[in-house]
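*Asks:* Sequence:
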Amino acid sequence: MTPRSAPTLFQQQLYAWHKTGARPHPWKATRDPYKIWLSEIILQQTRVETGTSYYLRFVERFPAVEALAAATLEEVYELWKGLGYYSRAKNLHLSAQQIMTEFEGVFPDQYEDILSLKGVGPYTAAAIASFAYDLAYPVVDGNVKRVISRYAAYEKDILASAAHQDILDLLADGLFDAAHPAQFNQAVMDFGATVCKPKGALCQICPLREDCYAHQSGRVAELPLRINKVKRKTRYFHYIIIERAGELLFRQRQDKDIWQNLYEFPMIESYQQEALTHQEVATYLRETVGIMIGDELLHIKGPRQQLLSHQKIISYFYSGIEQEASEELSSDSPFVWMPADKYHQIAVPKTIDWYLHDNSISLFTLKA
DNA sequence: AAAACGGGGCA
DNA sequence: TGCCCAGTTTT
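Positions 4 to 371 (the working numbering) are the ones given, in order, by the first sequence.
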């Protein structure tokens, strides 16, 4: 491909389309780097339609980085609940404090400084740098990869590690508009999201179709090429709901697994489909929680399946009736009793939320 | 370089 | 059911 002098045909046609094709989003109305950063973190691997309401709630509750830095991590998790990829919430909070301490409360305006923030990678740093400061950094997200791979004939695996740099190289080779970074980045992403879509691309109305490799060669449906090697593991979670005086027993999940720091019920995991025996549950509760249950073990709900990117979680819910003789939880116990007004405010995985809110068979009914 | 990390919407 | 989303971090 030959280097071109700006503005290229690609840019002209793209901008002409963007005059009417731009999507309206709340975070586009500002140059405030804090709000742009917030929107970009929320939108990582998240559809715009999903992220928008979260963004509006975050901006209202934390209008500036000082407010976010001053909040507790629990507050941030609560607002983040249901959005997924929870390390984003943790890093968001951490980076807010990092901005207060290392950058004296002023959002950094250099690419390398922005990139140094936790949870900010090459895409997000380029997005903030271009949208907030109009610095000449091209963004490479799913939209850009798709548009460029189709237009400029990139036929290698788009999921491979090398793809990111390859797309950057193609952009640098006469496509990216270094004179108007914010406009260019925004236009390509809007275009990829609304015209050059993954499925059902609108090639009929595409302003770039005459020069698009994929369209001219009939390979729009095949590009970008994705070779996915990972298979989903199946895990079985057996949740045990223990109630005492209107309170439910919870435990906070720990590191090195999904749902880090979120709360769930006492749980036994198995790796094949099997019902829990009363013996297993009783032993677990006695040894791990210090709770004695009676002879009755009720399977009250489930299975409930939840698909994650790399795992399939199948959850069962059991209820045990606690005996009188149980001891108090020790002070260092990871388990904690919570009343209803408390456990409706904490961050829980979707599956636990489903049990709490969509529980057609209530514990109360069962015990009556 | 590959695996892990959520959840939702749509064909 | 599989795809794919305004990706980043860890292994």
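Incorrect hints may appear among the rest.
[Stated by the list, open to error] Below, simulated BS3-like cross-link-like pairs (lysine-lysine); rule was C-alpha separation at most 27 angstroms, straight line: (1) K121 - K31; (2) K234 - K315; (3) K121 - K353; (4) K159 - K121.
These are computed hints drawn from the structure, not numbers from a lab.
*Asks:* Which of the numbered hints above does this structure break?
*Replies:* Hint 4 alone not satisfied by this model.
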